[in-house]
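Let's have the full structure, built from the sequences with the hints guiding it.
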Amino acid sequence: GENVEQHPSTLSVQEGDSAVIKCTYSDSASNYFPWYKQELGKRPQLIIDIRSNVGEKKDQRIAVTLNKTAKHFSLHITETQPEDSAVYFCAASMWSSASKIIFGSGTRLSIRP
Amino acid sequence: EAGVAQSPRYKIIEKRQSVAFWCNPISGHATLYWYQQILGQGPKLLIQFQNNGVVDDSQLPKDRFSAERLKGVDSTLKIQPAKLEDSAVYLCASSLSRGANYGYTFGSGTRLTVV
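Residue numbers (the working numbering), protein chains in the order written: chain E, 1 to 113; chain R, 1 to 115.
Read the hints as simulated data drawn from the structure, not as lab findings.
This one's a predicted model, so the numbers in the text were calculated from it and none came from an experiment.
The reader is advised that the hints may include incorrect statements.
Stated by the list, open to error - Just a sample of chain E residues kept apart from chain R, beta carbon distances all over 10 Å, derived: (1) SER12; (2) ILE47; (3) ILE62; (4) ASN67; (5) SER74; (6) LYS100.
To be verified - Think about it this way: if two alpha-carbon atoms lie no more than 25 Å apart in a straight line, the pair counts; the simulated DSS-like pairs of lysine-lysine are: (7) E:LYS71 x E:LYS57; (8) R:LYS11 x E:LYS42; (9) R:LYS44 x E:LYS42; (10) E:LYS22 x R:LYS44; (11) E:LYS68 x R:LYS44; (12) E:LYS71 x R:LYS44; (13) R:LYS15 x R:LYS83; (14) R:LYS44 x E:LYS37; (15) E:LYS42 x R:LYS78.
We put the beta carbon where it would ideally sit given N, CA and C, even for glycine.
What follows is the structure, encoded as structure tokens:
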């Protein structure tokens, strides 16, 4: 089955700097990669996703990149702000399928003022 | 639209006791998922329902965990008897149909502490 590995587990960046979180997946059949943000005590919320027919997707300060050959995908947050502090989860699944979403272990991002 | 509702929010029980969690998905969402999130880890799928049928329960510890969705709407997840390692947040999620492309919405979760 699919296995998703995520790193780093913790990340601390200065406010205004960029943050990068990286994930790898094992199942070459996976073709949908969502990213979730979970604030303390709250539910995971989808912030951005990418399908395997696209190499990069941007939404304001966040962007995701996907390298299908290497089975790598990454989340990039630019101009970080205090409200970006949270745990971020990458995940893998198959679009238009009964496949379940498999989550990475999470990255705790802290933004230093 | 109303979100995914879960109750209770918190539960503390002693080991070997039983506990039940309830989930009410978004109206019209055919697919319902129960995830277990242990502190410091990503959510792990326990069981997936399509209407009132089970699609995937391969990760459900069936000797102690059970779940049902009798009328294809609300669902309950039960643990009997509970173990210390069951301490986690139990998240319910729903989507219009199978697969992630139909909008996957999580509830706020039930935090279970087994002492």
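Status of each hint after checking the structure:
1. No beta-carbon of chain R is positioned within 10 Å of the beta-carbon of SER12 of chain E; the least distance is around 17 Å.
2. Even its closest Cβ contact with chain R, about 13 Å, leaves ILE47 of chain E beyond 10 Å, as expected for a residue assigned away from the interface.
3. Every beta carbon of chain R lies more than 10 Å from that of ILE62 of chain E, the smallest distance being close to 18 Å; the non-interface claim holds.
4. Residue-level check passed: ASN67 of chain E sits 20 Å from the nearest beta carbon of chain R, beyond 10 Å.
5. Every beta carbon of chain R lies more than 10 Å from that of SER74 of chain E, the smallest distance being close to 17 Å; the non-interface claim holds.
6. Consistency note on LYS100 of chain E: stated as away from chain R, yet its beta-carbon is not over 10 Å from all of that chain's, at 5 Å minimum.
7. A C-alpha spacing of about 16 Å is found between LYS71 of chain E and LYS57 of chain E, which places the hinted pair at or below 25 Å, so the restraint holds.
8. Proximity of LYS11 of chain R to LYS42 of chain E is assessed by CA-CA distance (about 16 Å); at most 25 Å being required, the pair is judged to hold.
9. Proximity of LYS44 of chain R to LYS42 of chain E is assessed by CA-CA distance (about 17 Å); at most 25 Å being required, the pair is judged to hold.
10. Pair hint LYS22 of chain E plus LYS44 of chain R holds up; C-alpha atoms about 19 Å apart against a cutoff of 25 Å.
11. Between LYS68 of chain E and LYS44 of chain R the CA atoms are separated by roughly 24 Å; this keeps the pair inside 25 Å, and the hint holds.
12. Proximity of LYS71 of chain E to LYS44 of chain R is assessed by CA-CA distance (about 21 Å); at most 25 Å being required, the pair is judged to hold.
13. Restraint check for LYS15 of chain R and LYS83 of chain R: the C-alpha separation of about 5 Å stays at or below 25 Å, so the hint holds.
14. With a C-alpha separation of about 16 Å, the suggested pairing of LYS44 of chain R with LYS37 of chain E holds against the 25 Å cut-off.
15. Proximity of LYS42 of chain E to LYS78 of chain R is assessed by CA-CA distance (about 22 Å); at most 25 Å being required, the pair is judged to hold.
Checked against the numbered hints above, the structure breaks only hint 6 and satisfies the rest.
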